[in-house]
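A.B. asks: Read off the chains here:
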Amino acid sequence: MKKFTFFAVFVFSMAVTYAGGYRVSLQGQKALAMGHTGVAVINSSESVFFNPAALVYLEDRLNISAGVSGVFSNIAYQDTETGANARSDSPMGTPLYLYASYKATDWLTVGLGVYTPFGSEVKYEDDWAGSHLVNNIDLMAIYIQPTVSVKLSDMWSIGGGPIYAIGAVKFNRNLNRTLTDLDGNRSNVTVEATGISSWGWVASTLFTPADNFHIGFTYRSKIELDADDGTATFQNIPNSPLTPFKDTSIKAGLPMPAEMTVGLSYDFLDKWTFAFDFNRSFWDAYKSLDIDFADPNIPDSENARNYKNSSVYRFGLQYDVTQMFTLRAGYYLDESPVRRGYFAPETPRNDSNNFTAGLTVNIGSHLQVDASFLYSHFKEVDASYDYYFENDVAVPFKGTYKTNAFVPGLGLTYKL
Amino acid sequence: MKNILKYSFAFLVVGLIGCEPEFENPVTDDGFYNSGTADLSKFVAVGNSLTAGYSSGALYISGQKNSYPNIMAEQFEFAGGGEFTQPLMNDNLGGLLLNGMQIAENRFVLSVDANGNPGPVRLEGTPTTDITNKLSGPFNNMGVPGAKSFHLVAPGYGNVAGVPMGAANPYFVRFASSENATVIEDAVSQNPTFFSLWIGNNDILSYATSGGAGVDQTGNFDPRSYGSNDITDPNVFASVYSQQVDALSAGGAKGVLVNIPEITSIPYFTTVPTKVIPLDAATADQLNAQFAAYNNQILPGLVGASVITAQEAALRKIVFSAGQNYPIMTDDDLTDLTQILQGPPFNLPAQTAGLLGQLRQVNANDLIVLTASSIIGTTPDPNNPQGIMGVTIPLSDQFVLAASEQARITTATNAYNTTIKALADAKGLAFVDSKMALSQLANGGIPYDGGMLTSQFVTGGAFSLDGVHPTARGYAYISNLMIHAINSTYEATIPTVHIGNYPTITLWNN
Numbered sequence: 238m239k240k241f242t243f244f245a246v247f248v249f250s251m252a253v254t255y256a257g258g259y260r261v262s263l264q265g266q267k268a269l270a271m272g273h274t275g276v277a278v279i280n281s282s283e284s285v286f287f288n289p290a291a292l293v294y295l296e297d298r299l300n301i302s303a304g305v306s307g308v309f310s311n312i313a314y315q316d317t318e319t320g321a322n323a324r325s326d327s328p329m330g331t332p333l334y335l336y337a338s339y340k341a342t343d344w345l346t347v348g349l350g351v352y353t354p355f356g357s358e359v360k361y362e363d364d365w366a367g368s369h370l371v372n373n374i375d376l377m378a379i380y381i382q383p384t385v386s387v388k389l390s391d392m393w394s395i396g397g398g399p400i401y402a403i404g405a406v407k408f409n410r411n412l413n414r415t416l417t418d419l420d421g422n423r424s425n426v427t428v429e430a431t432g433i434s435s436w437g438w439v440a441s442t443l444f445t446p447a448d449n450f451h452i453g454f455t456y457r458s459k460i461e462l463d464a465d466d467g468t469a470t471f472q473n474i475p476n477s478p479l480t481p482f483k484d485t486s487i488k489a490g491l492p493m494p495a496e497m498t499v500g501l502s503y504d505f506l507d508k509w510t511f512a513f514d515f516n517r518s519f520w521d522a523y524k525s526l527d528i529d530f531a532d533p534n535i536p537d538s539e540n541a542r543n544y545k546n547s548s549v550y551r552f553g554l555q556y557d558v559t560q561m562f563t564l565r566a567g568y569y570l571d572e573s574p575v576r577r578g579y580f581a582p583e584t585p586r587n588d589s590n591n592f593t594a595g596l597t598v599n600i601g602s603h604l605q606v607d608a609s610f611l612y613s614h615f616k617e618v619d620a621s622y623d624y625y626f627e628n629d630v631a632v633p634f635k636g637t638y639k640t641n642a643f644v645p646g647l648g649l650t651y652k653l
Numbered sequence: 025m026k027n028i029l030k031y032s033f034a035f036l037v038v039g040l041i042g043c044e045p046e047f048e049n050p051v052t053d054d055g056f057y058n059s060g061t062a063d064l065s066k067f068v069a070v071g072n073s074l075t076a077g078y079s080s081g082a083l084y085i086s087g088q089k090n091s092y093p094n095i096m097a098e099q100f101e102f103a104g105g106g107e108f109t110q111p112l113m114n115d116n117l118g119g120l121l122l123n124g125m126q127i128a129e130n131r132f133v134l135s136v137d138a139n140g141n142p143g144p145v146r147l148e149g150t151p152t153t154d155i156t157n158k159l160s161g162p163f164n165n166m167g168v169p170g171a172k173s174f175h176l177v178a179p180g181y182g183n184v185a186g187v188p189m190g191a192a193n194p195y196f197v198r199f200a201s202s203e204n205a206t207v208i209e210d211a212v213s214q215n216p217t218f219f220s221l222w223i224g225n226n227d228i229l230s231y232a233t234s235g236g237a238g239v240d241q242t243g244n245f246d247p248r249s250y251g252s253n254d255i256t257d258p259n260v261f262a263s264v265y266s267q268q269v270d271a272l273s274a275g276g277a278k279g280v281l282v283n284i285p286e287i288t289s290i291p292y293f294t295t296v297p298t299k300v301i302p303l304d305a306a307t308a309d310q311l312n313a314q315f316a317a318y319n320n321q322i323l324p325g326l327v328g329a330s331v332i333t334a335q336e337a338a339l340r341k342i343v344f345s346a347g348q349n350y351p352i353m354t355d356d357d358l359t360d361l362t363q364i365l366q367g368p369p370f371n372l373p374a375q376t377a378g379l380l381g382q383l384r385q386v387n388a389n390d391l392i393v394l395t396a397s398s399i400i401g402t403t404p405d406p407n408n409p410q411g412i413m414g415v416t417i418p419l420s421d422q423f424v425l426a427a428s429e430q431a432r433i434t435t436a437t438n439a440y441n442t443t444i445k446a447l448a449d450a451k452g453l454a455f456v457d458s459k460m461a462l463s464q465l466a467n468g469g470i471p472y473d474g475g476m477l478t479s480q481f482v483t484g485g486a487f488s489l490d491g492v493h494p495t496a497r498g499y500a501y502i503s504n505l506m507i508h509a510i511n512s513t514y515e516a517t518i519p520t521v522h523i524g525n526y527p528t529i530t531l532w533n534n
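Heads up: the sequence lines are chains D and U, in that order.
For the first sequence, the working numbering begins at 238 and goes up steadily by one.
For the second sequence, the working numbering begins at 25 and goes up steadily by one.
Think of the hints as simulated: they come from the structure by calculation, not from any bench.
The structure presented is a predicted model; accordingly, all values stated were derived computationally and were not measured.
Be a bit skeptical, because a hint or two may be false.
Calculated cross-link-like contacts (lysine to aspartate or glutamate; reagent style DMTMM-like; alpha-carbon spacing at most 20 Å) [said to hold, decoys possible]:
no.	chain 1	residue 1	chain 2	residue 2
1	U	451	U	270
2	U	341	U	309
3	D	360	U	270
4	U	66	U	473
5	D	635	U	115
6	D	488	D	504
7	D	388	D	448
8	U	89	D	527
9	D	616	U	115
10	D	635	U	473
11	U	89	D	418
12	U	451	U	515
13	D	483	D	429
14	U	89	D	363
15	U	89	D	465
16	D	407	D	537
17	D	407	D	448
18	D	407	D	463
19	U	158	U	98
20	D	360	D	391
21	D	616	U	48
22	D	360	U	44
23	D	545	D	465
24	D	488	D	465
25	D	635	U	309
26	D	616	U	309
27	D	635	D	617
28	D	635	D	316
29	D	652	D	537
Input sequences plus hints: build the corresponding full structure.
C.D. replies: Listed below in structure tokens is the structure:
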């Protein structure tokens, strides 16, 4: 297990992510092409993530799916009062997933999934207008999920398993709006925590009231990733006893919120499938991003977030063109969990309209190539973060944001 | 098939990198902001240390980057402003060398002493800016630290040979186009389309910071005969100032003029309280006993002999009490009694007569300068513990700006400001009332997005550690005043800055 964990961390260390808050919905190319629906769809081992209960209905004995997405996310910021403007220079993210399922008996399928449902990578130019809130952040969580799927009848199955989550975060911001060293270099801090781990679970069920109609339900638990021995590294600190900032260890916690999905799929006109998923993310677990510095002289960093629970409405369509080709398209409306006045530039998310498309190409009877494409469109928004304080005085950071994301993805599915 | 997939994926990836989000109205678009009837393409700023970006007792790179002309120029870029260059110093220490010899001190930093008390100290280190290393200009920032109004039109002000005797300015030496060039000539030769002029502060400032040690030259129209701490005659000021405005606007350039603040409210004069001497009852009684003959016999005797008025006698009385007390001082505006006291009927010894000659106690109308804080209460002669500065040894005139001296400063300032306002009105130039701004800083402060900007020393945020010059935040505030004035005069829409984003004093322990 340890060896595998190491491997997973290594592979996913390039992973980057995108969606409401720091949720990233890129857990399967087939599903993503259909608006990231899948709780009631039976077509591949992607169900390890979307609905483990569906695995037991897969026709093939062995199913392996792996994929990668290229995330190009962009943020533009401007403040018309001062003319301040910035564009994020975030590197391309490459989140990956790997699912496998094996039909042990007619009524039992076992599976394993490795995926990255949470993450955020944003990089602004150092010392930009909002640098006291964030210069850059790289946050990720890898979920490793052994899974069982049990057929209770031809109409009803259940599934689930434990989740072992591994997280890492690296975050840099300036200490405040003004502190510099002698040469005018802004004082900043890098907070880093790696190898944080914790346990959670997933449970799901699938009903098949008719051959062409499925109803699914999946619940994934909250996982609290607590870093107990992260590090804080301070740069460009003036040489003075009046500034307490010295490198120290930190404690911080970040919740990976629980998520519930219900949905249906309906096969019609022989070759068509329609799917609808409704996600509810329990973001109210994310009250505040707090950093507790071990050095008692350094005041703890408290950053209110106060997220609210949010919903995603997903629609997908699949069309089997020929034996060789399957086409997919989808749309989802992703509601932001960010409340008014809490719009922080490390995850500048407002409601987004998301358009997806993709196809599967069958190469022989065992191998499939899956491709998908996602475009996330955010409306231009005037927003502010009002909970940054200087000497007990609130200093709102406001401006206009415009963000978007383009995510092409490729996957392979092997069936036996 | 595989190739098609591969190529289409590659195509997507390449295509997407260019898909940046675009605002409906980007602030970087031409026309989002505009300069109205002004043309900001060539901006030249003329003035003294304030224009240069001088702060905490020196000129240094990071201070220059936060000079108000540079901040303005950065905002001007949104409305057609061009490149803005400054004669940057060589380091962040701030001192000056002349052929390797140090001629100006390094900047102040806020340092904590062995007892844990914070206070300004000079930053240690050997400065590397030698004024003989001339920079090739011209520079848009023509601020020359130390310049008075008439210096800007004085030929030879940038001649290195004149520096040792004070006839030339070491800062201007670095970037003057020639030995005989005047500051105004070098500014005008750049053909500015827009200018700022803030000059005249030093025409009263050095008189004030020297505690009135100079002479009020009102009535003397020859500035060549002035000493460095003198007050410039208002007619001389009016003459050279209008000459400068004419020269800068000759080519049709628009500009902004700034008046002179009432400098007695800067921290240099308001930080040390006038009642600065703490005494217990026994010491106060003992001191009063020593001055009893002076108070009760000598002063009434002099009034009786009509040497001084009863009013002056009252001013000259020395009285201590338990608690906080005013220090004693020498006031050169008082009648000098040194000779009289040595003669009959007093027959005082020369030393005592000298002590009492122009002695009085500081009062609530006086101002004690910042630099006095390091000498008040000290015993300069270690063999004489009774000789305490401000208690038994009078503070010399340079440490106290007396009410009479303040009045001269006020008179001159008002006269200069009348000239400045009249010229701004006559020529339709933008005008900044820095006098009103400073008085607001000193009386309640100016609110901003991170609190209140005040003229409180060290903590107020507006003034640097020399107690005279602004911090970067103070300069940013001045930039906003300038931009507001330009916007309203020329119907421009230049954006302002958040002053809370600019630093205040620098913390550093040598």
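A.B. asks: So, for every hint listed, does it hold in this structure?
C.D. replies: Evaluated hints:
Between residue 451 of chain U and residue 270 of chain U, the direct Cα distance comes to roughly 9 Å. Compliance with the 20 Å bound is thereby established for this hinted pair. Of the pairs offered as hints, the one joining residue 341 of chain U and residue 309 of chain U holds, with about 15 Å between alpha carbons and a cut-off of 20 Å not exceeded. Note on residue 360 of chain D and residue 270 of chain U: the hinted pairing is violated, with a Cα-Cα distance of about 50 Å set against a maximum of 20 Å. Between residue 66 of chain U and residue 473 of chain U the alpha-carbon distance is near 32 Å, which puts this suggested pair outside the 20 Å criterion.
Of the supplied pair hints, the one linking residue 635 of chain D and residue 115 of chain U is violated, its CA atoms being roughly 35 Å apart against a limit of 20 Å. For the hint pairing residue 488 of chain D with residue 504 of chain D, the CA-to-CA distance comes to about 50 Å; that exceeds 20 Å, so the pair is violated. Of the supplied pair hints, the one linking residue 388 of chain D and residue 448 of chain D holds, its CA atoms being roughly 15 Å apart against a limit of 20 Å. Between residue 89 of chain U and residue 527 of chain D the alpha-carbon distance is near 35 Å, which puts this suggested pair outside the 20 Å criterion.
Simply put, residue 616 of chain D and residue 115 of chain U have alpha-carbon atoms about 47 Å apart, too far for the 20 Å limit, and the pair is violated. Distance restraint check for residue 635 of chain D and residue 473 of chain U: the Cα-Cα separation of roughly 12 Å lies within the 20 Å cut-off, and the hinted pair is therefore satisfied. For the hint linking residue 89 of chain U to residue 418 of chain D, the alpha-carbon distance of about 15 Å falls within 20 Å, and the restraint holds. Taken as a hint, the residue 451 of chain U and residue 515 of chain U pair is honoured in the structure, with Cα atoms around 16 Å apart against an allowance of 20 Å.
For the hint pairing residue 483 of chain D with residue 429 of chain D, the CA-to-CA distance comes to about 15 Å; that is within 20 Å, so the pair holds. Taking the CA atoms of residue 89 of chain U and residue 363 of chain D, the gap is about 18 Å. The hint holds against a cut of 20 Å. For the proposed pair residue 89 of chain U and residue 465 of chain D, the alpha carbon gap of about 42 Å is over 20 Å, so the pair is violated. Proximity of residue 407 of chain D to residue 537 of chain D is assessed by CA-CA distance (about 17 Å); at most 20 Å being required, the pair is judged to hold.
With a C-alpha separation of about 48 Å, the suggested pairing of residue 407 of chain D with residue 448 of chain D is violated against the 20 Å cut-off. For the suggested pair residue 407 of chain D and residue 463 of chain D, the alpha carbons sit about 14 Å apart, so the restraint of at most 20 Å is met. Restraint check: the Cα-Cα separation between residue 158 of chain U and residue 98 of chain U comes to about 26 Å, which exceeds 20 Å; the hinted pair is violated. Simply put, residue 360 of chain D and residue 391 of chain D have alpha-carbon atoms about 50 Å apart, too far for the 20 Å limit, and the pair is violated.
Between residue 616 of chain D and residue 48 of chain U the CA atoms are separated by roughly 11 Å; this keeps the pair inside 20 Å, and the hint holds. Taking the CA atoms of residue 360 of chain D and residue 44 of chain U, the gap is near 15 Å; set against the 20 Å cutoff, the hint holds. Distance restraint check for residue 545 of chain D and residue 465 of chain D: the Cα-Cα separation of roughly 26 Å exceeds the 20 Å cut-off, and the hinted pair is therefore not satisfied. For the proposed pair residue 488 of chain D and residue 465 of chain D, the alpha carbon gap of about 5 Å is at most 20 Å, so the pair holds.
About 63 Å separates the Cα atoms of residue 635 of chain D and residue 309 of chain U, which puts this hinted pair outside 20 Å; it is violated. For a cut-off of 20 Å, the pair hint linking residue 616 of chain D to residue 309 of chain U is broken: about 79 Å separates their Cα positions. Pair hint residue 635 of chain D plus residue 617 of chain D holds up; C-alpha atoms about 13 Å apart against a cutoff of 20 Å. At most 20 Å may separate the alpha-carbon atoms for a hinted pair to count; residue 635 of chain D and residue 316 of chain D meet this at roughly 7 Å.
Under the criterion of a C-alpha separation no larger than 20 Å, the hint pairing residue 652 of chain D with residue 537 of chain D is inconsistent with the structure, at around 52 Å.
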